[in-house]
Each structure stands twice: as C-alpha cells, then as structure tokens.
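Novice: Sequences and hints are given; from them, build the entire structure.
Protein chains: 2
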Amino acid sequence: MIKVSVMYPGGEGKIFDMDYYTQRHVPMVGALLGDSVKGASVEKGLGSAAPGSTAPFTTCGHLYFESMEAFQNSFGPNSGQIMADIPNFTNIEPVVQIAEVVI
Amino acid sequence: MIKVSVMYPGGEGKIFDMDYYTQRHVPMVGALLGDSVKGASVEKGLGSAAPGSTAPFTTCGHLYFESMEAFQNSFGPNSGQIMADIPNFTNIEPVVQIAEVVI
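Those protein sequence lines, which keep their order, are chains X and H. Reminder that position 82 of the first sequence reads as 82 in our numbering, one-by-one numbering, no gaps. Reminder that position 51 of the second sequence reads as 1051 in our numbering, one-by-one numbering, no gaps.
Some hints could be false.
Stated by the list, open to error - In silico EDC-like cross-links for lysine to aspartate or glutamate, where the CA-CA straight-line distance does not exceed 16 Å: (1) Lys38(X) with Glu66(X); (2) Lys1014(H) with Glu1093(H); (3) Lys44(X) with Glu1100(H); (4) Lys1044(H) with Glu100(X); (5) Lys44(X) with Asp17(X); (6) Lys38(X) with Glu100(X).
Everything labelled a hint here was simulated from the structure, so no lab data went into it.
Specialist: Dropping the structure here:
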C-alpha cells in the first residue's frame, strides 16, 4: 500500500482554514481521484515531544493507494486542479511524503 | 483519537536499521505500552512530490491512543526505556508530531 501525506508546517504568519480544507478541499480531492483512493485521514497538530511545544505540522492529510502506479494514474491528470485549490485555504507550502506502508 | 508520529528525516550521513526497528523496537514499544495503543503503523519513505525526489522522512512510525491522557499515562513511565533504544537503530533525531485525528 502506498501512502501519500501532505503536511502543512506551522509557523509565524502561516494561515490554514480547516473548515475549507475538510469541507471543500478533501471532498473535492476524493471526488476527483475516485475509487483509486483506498483510505484517507486528516489530523490537526496539537504538539510535539516536549510539553507545551508546537506541533511541527499544523495539519496533515493522508491518502492511501494500492500501488504507486495507481496513485500516479489517478493523481497525475488531476494534479493541476488539486494544486490550484491550495491557496484557497492556506499560504503554507506543504511537505509531501510518498511512502510504502510496511506495518 | 490521538495520533503520535515519530518521523525520521533522511539526509547525508543518516543511518536507519529498518530490520531492528520493525523486529525489535516497534514490538518493544507495543509490549511496554500495551492496551493503551489502539493502532500502529510504519512507513518507509519512497519520494516526494517531484519525480525522482527524496522522501522528507526515511521512516515514519505512528501510534494511536484514545486520548491525550491515555498517551501520557502509558508513554510517560516508559519514555526512558523507549528513547534509550533509538541509538540502537538510527543516528537520526526524530521529529515528533502529536495530533488529533479529525477525519
């Protein structure tokens, strides 16, 4: 299984509209990518290891695909539309991690 | 649900023993934390957004807990033993993200 994580680092001057993200962006991505998406999750950062510390990422979104090919075939044709929506909810440049689920 | 992610950034000179991690470290953490752990996953980084690019994190491990309190109560008394095992499989200082699962 392939997991694609889009992680938004927090920090001074960074904004993130969680309502838009969960109510419009995530459903739009789901509709565009369709059945190739085998799972999805969203998390809101609360903290880091030290008590009272800030979370490295204010928000993380994850999508699961059966294979790298399945991800590329579904995401490729829709990447323009998906990327164009990002400025509607944040000014953060996300960190993207593509990974193989081992456990 | 609370998700605790321990993410190991890759890079020059960084080493990570995936066999030790999956066969010894993760089971040890599971045994120490017991029933408070509601789920666990491990991913191996493959790449980032641009084709051929390096994954930001070489490995990510995630644990799920019912609440922040459940995490703190189970992790706190075992943190010393868990942290002491890290040099046995890597020289990377992990990034820790504690987050609330929203979707």
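Novice: The structure should be examined with respect to each hint, and the outcome stated for every one.
Specialist: Outcome of the hint check:
1. Lys38(X) with Glu66(X): Holds, at about 7 Å.
2. Lys1014(H) with Glu1093(H): 10 Å, holds
3. Lys44(X) with Glu1100(H): 5 Å, holds
4. Lys1044(H) with Glu100(X): The given pair, whose Cα atoms are some 5 Å apart, holds under the 16 Å limit.
5. Lys44(X) with Asp17(X): 11 Å, holds
6. Lys38(X) with Glu100(X): At roughly 14 Å apart (the allowed maximum being 16 Å), Glu100(X) and Lys38(X) satisfy the hint.
Against the hints set out earlier in the document, no violation occurs for any number.
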